[in-house]
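**Q** Chains as they are written, first to last, in the numbering used here: chain S, 1 to 556; chain G, 1 to 556.
Mixed in with the good hints there might be a few duds.
[As the list claims (entries may be wrong)] When the alpha-carbon atoms are kept at most 25 Å apart in a straight line, the in silico DMTMM-like pairs for lysine to aspartate or glutamate are as follows: (1) G/K381 to S/D232; (2) G/K342 to G/E357; (3) S/K342 to S/D324; (4) S/K243 to G/E542; (5) S/K381 to G/E172; (6) S/K381 to G/E286; (7) S/K540 to G/E542; (8) G/K198 to S/D232; (9) G/K198 to G/E172; (10) G/K381 to S/D324.
The set of hints was computed from the structure by calculation and includes no laboratory data.
There are 2 protein chains.
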Amino acid sequence: MPVRREDTRWNGWGWVKAHDPLHGRDAAWPWIATALGVPDLPQTPAKPLGEITLPASRLGDEARGELVAGLGGESVRDSAAERASHARGKSYHDLLCLRRGDLSAAPDAVAYPRTADEIVMLLRWAEKHRVAVIPFAGGSSVVGGVTGTPGGLAASVAVDLTQMNRLIEVDEVSMTATAEAGIYGVDLEGALNARGFKHGHHPQSFEFSTLGGWIAARGAGQQSNGYGRAEDWFAGGEVATSKGLWTLPPLPASAAGPDLRALIAGSEGAFGILTKAQVRIHRLPETSHYAAFLFPDFASGARAIRQVIQGGIPVSTLRLSDPDETHFFQAFAKAGVEPTMKDRLQERFLRLMGMGERPCALIFGVEASRDLAAFSVGQVKRIIRSCGGLSVGSGPARRWYGSRFHGPYLRDPMMDRGIGIDTLETSTQWSNIDHLYTEVRRALHKAMEETSPVAGARGLVFTHISHSYVDGASLYFTFLFPRDLKNEVAQWRRIKGAASDAIVRAGGTISHHHGVGEDHVPWLAAEKGAQGMGVLRAIKRELDPAGILNPGKLVG
Amino acid sequence: MPVRREDTRWNGWGWVKAHDPLHGRDAAWPWIATALGVPDLPQTPAKPLGEITLPASRLGDEARGELVAGLGGESVRDSAAERASHARGKSYHDLLCLRRGDLSAAPDAVAYPRTADEIVMLLRWAEKHRVAVIPFAGGSSVVGGVTGTPGGLAASVAVDLTQMNRLIEVDEVSMTATAEAGIYGVDLEGALNARGFKHGHHPQSFEFSTLGGWIAARGAGQQSNGYGRAEDWFAGGEVATSKGLWTLPPLPASAAGPDLRALIAGSEGAFGILTKAQVRIHRLPETSHYAAFLFPDFASGARAIRQVIQGGIPVSTLRLSDPDETHFFQAFAKAGVEPTMKDRLQERFLRLMGMGERPCALIFGVEASRDLAAFSVGQVKRIIRSCGGLSVGSGPARRWYGSRFHGPYLRDPMMDRGIGIDTLETSTQWSNIDHLYTEVRRALHKAMEETSPVAGARGLVFTHISHSYVDGASLYFTFLFPRDLKNEVAQWRRIKGAASDAIVRAGGTISHHHGVGEDHVPWLAAEKGAQGMGVLRAIKRELDPAGILNPGKLVG
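The shape of chain S in the complex, shown without the other chains (with noise of 0.2 Å):
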């Protein structure tokens, strides 16, 4: 069943009744605040929705009644709560403009098509009376990607995919399912789990998200060593366009021309709407082994990860914390709290086994037959012992599971209190991980400190690696820093240009699984070149004459 979107926030992350994770937490707040150089941390509530006007609708009564004849009056809808919840989606950028009650964004109305024909119908429909068309599932995007602007056309809808949720076919020879777009990750996955297999993409937006969301992001899931990310696992599917439907065989490899898959994989709503897919699928892994490993520092561990790549030792996850987040989050949980002695006696066994002052965490996991996973831990264990890893066992890599999707929700308390707290991601060649690390570590430390409300005060930077391949890696960066409550959205574009262009310069690409969205369109032509640009634009004329779709995304 679809996520019933009044049982989530509109303005923040996750389900509505979902436990506060730091409430009850009071030692937590002067803890966060002396880390960050700050004297107290004011409240910051967000504006509820009854307090806030919307915008009137500028969608004309012969354009809507045109729409309602289509789809059905049940499928299109204006109420507050509908345009709100499809206003924008849940980056940081997002969330200052909804928690202070700026709701200019939201479309005039929300379209829910039920069948890939109904979509087309609306493209032609949208053409006719310029309207701005953002798809829209799970609308967890952190970059920006479900913007409900105009652009320069006459309104905007919102078109919710999310009644399209089928689980069409499984292919148990292929080992490929079908889906509408719209399903939500747990609705796919539950309903291939009970069916004997796995979809196996689990992104820390899970429940939040959707097949078609996947795709069109490019996104990678927590387990993508094992799994793959979405342009691998990505097999063909429909795209609907005004010019109609468009067919995108699931072939296993072809040499007739270019690969168009990985054109609609990162387009972003930008260039059709996807509204089912075909992806490659798993059989229920006969086992699965998570551990947790110690390093004494950042470099010894990512060579532990890049020798199990470079190995071809069959993985789920390998996620390394750099020593600023294994400590944080450490000392977080344990702030307020004495020490016991069991905490003494493990520190003081760390030291001696060399783990020095901030070690780095390590979590592994594979899922797989038996024998694979046996020989898979056999390989990365002796490599981990090779790098001066240290085993600290399954415990810490159990939590780490059982809470995987649980992150976000830290974010909204922390906005009740005047903190700010973003996520950015990269990846670049293992030769270049270092330099990249050190300089996006170097900007965003210097933009907090410099944008800071606050003399000597100071931003938290948190870096992992949580994605590896042959070449390189993913570096994914959390910071945190004092609001500057007058100049709040400047204060971001601050912070978050200084990364890009520190990302940019250092040789990472702008995006490794978020996505480009509104928030990254500045950086993308440095990445793609003037000719890739050109050839992006090239496309979107092509299938997008009007430019109706998703304004402002992907391409600007």
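For chain S, the structure is supplied; the task is to place chain G on it using the hints.
**A** Here is chain G on its own, set in the frame of chain S:
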């Protein structure tokens, strides 16, 4: 060192001095005549170059003078040998034309640029003078990918890239190598091997094809299970367009919009000219293991391959011949030779083991670390046994490995004796393999029978699976038929057309690794869709607005 063009056959395969594999095999000819159902095989020698008059060059003095001024006189050549050896590739249709002395497709000159900037200059020169530019390196295309025709333009120039053949850099940490696009496979692999690395791309054309050609044609080598297809190992590069050089950065993974490398892989010189490429490499394997097995039928062998790949077992090669292919090559090798006692015992043993009349041969190979190889061998043998396969030792596998580039040398002597011989290849999902196999064989047999010059004659079709994926596999067809000497091209078009129609109808790709060239253009739209063709043409217009690049190929 690049291959010296004069050491290779301008109108056939490979080295001029290569041993004729059928020399002294007089008994083979009556045997094959019987197999084809014809009374005898005529002598049909190729016309020597000395007896052919090339068409006069269409390149005006002014245009030629400018080109010489830009590149230097040594780099602009228009001798008969140069023009003839760049007239066409090595497709069956190419050979029909070349062997009968039809050099109407010969380019008006051959340019040998030495730098990327020279190529940009050349493209601008070509735009100015409306000259078609045909990128040419190994010239081993078997689908009409390098035909030197000017399309609707004033003249044509082949751009021979083989002077751009340096290995530029090896990044031993990121396991990538950067080389100029015109480097031959042998040279790239040799230079890497000397440093302890391996690229591992070994198509049958390995000795006569280049890095840029592999990428442009989206090729796959015989160990693609282990080393990947061109689009898998193509990490980044540089493309010359008339708008300047376009850099594709070597990112291990990115969500920054569509992956434009996927447009260059398979672009066949129609969008730009690849000048250099960064490729993913491997350490030289500690060990390699090749072994051969027999299966009682094609389906059980295919099932074994599928289980190995879907089980995530690391392998380099899995190659399964169908009964006709397994039988033909064995029988052909022994034609006219009295069976020995050993042969007879072997045959009886195989029947005893349930192999029936016409078993299927599987070659399995793994190249890896000792641990990984041992794991792979154990798992693969277990699966093969469970599918009814029988080990026949490493001998046949070693023989296949040792002669794996020799197959194409059979074509020229057969062409000299009135036999037509061509290959085609496709891929589809596992659940569709049987259907595709049946339909293509049926179409080939029917068309060969219908176009036979002699009543009662027939063609032969041999098939193998040589590349496998989690969701499907390739099918490679070799077909032999008595040529209709008065209608050679029409006969081929009819057979090729029937097979291609069958492929498209049965849901296969029109090419798994040969590419599109001229030969597959009519079937491309069925695969890419109207929108897809529109996208390809839009990209072509954007990158090659004057339409000078490789006219008639890929998008026609």
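**Q** Taking the hints in turn, state whether each one holds.
**A** Status of each hint after checking the structure:
At most 25 Å may separate the alpha-carbon atoms for a hinted pair to count; G/K381 and S/D232 exceed this at roughly 28 Å. For a cut-off of 25 Å, the pair hint linking G/K342 to G/E357 stands: about 17 Å separates their Cα positions. Taking the CA atoms of S/K342 and S/D324, the gap is about 22 Å. The hint holds against a cut of 25 Å. For the given pair, S/K243 sits about 21 Å from G/E542 by alpha-carbon distance, which is consistent with the 25 Å threshold.
As the CA atoms of S/K381 and G/E172 are separated by approximately 23 Å, the hinted pair is consistent with the 25 Å bound. Our distance criterion of 25 Å between C-alpha atoms is met by S/K381 and G/E286, whose separation comes to about 20 Å. This hinted pair checks out: S/K540 and G/E542 have alpha carbons roughly 12 Å apart, not beyond 25 Å. A distance of roughly 24 Å separates the Cα atoms of G/K198 and S/D232; the hinted pair therefore holds under the 25 Å criterion.
With a C-alpha separation of about 11 Å, the suggested pairing of G/K198 with G/E172 holds against the 25 Å cut-off. Taking the CA atoms of G/K381 and S/D324, the gap is about 48 Å. The hint is violated against a cut of 25 Å.
Checked against the numbered hints listed earlier, the structure breaks hints 1, 10; every other hint is satisfied.
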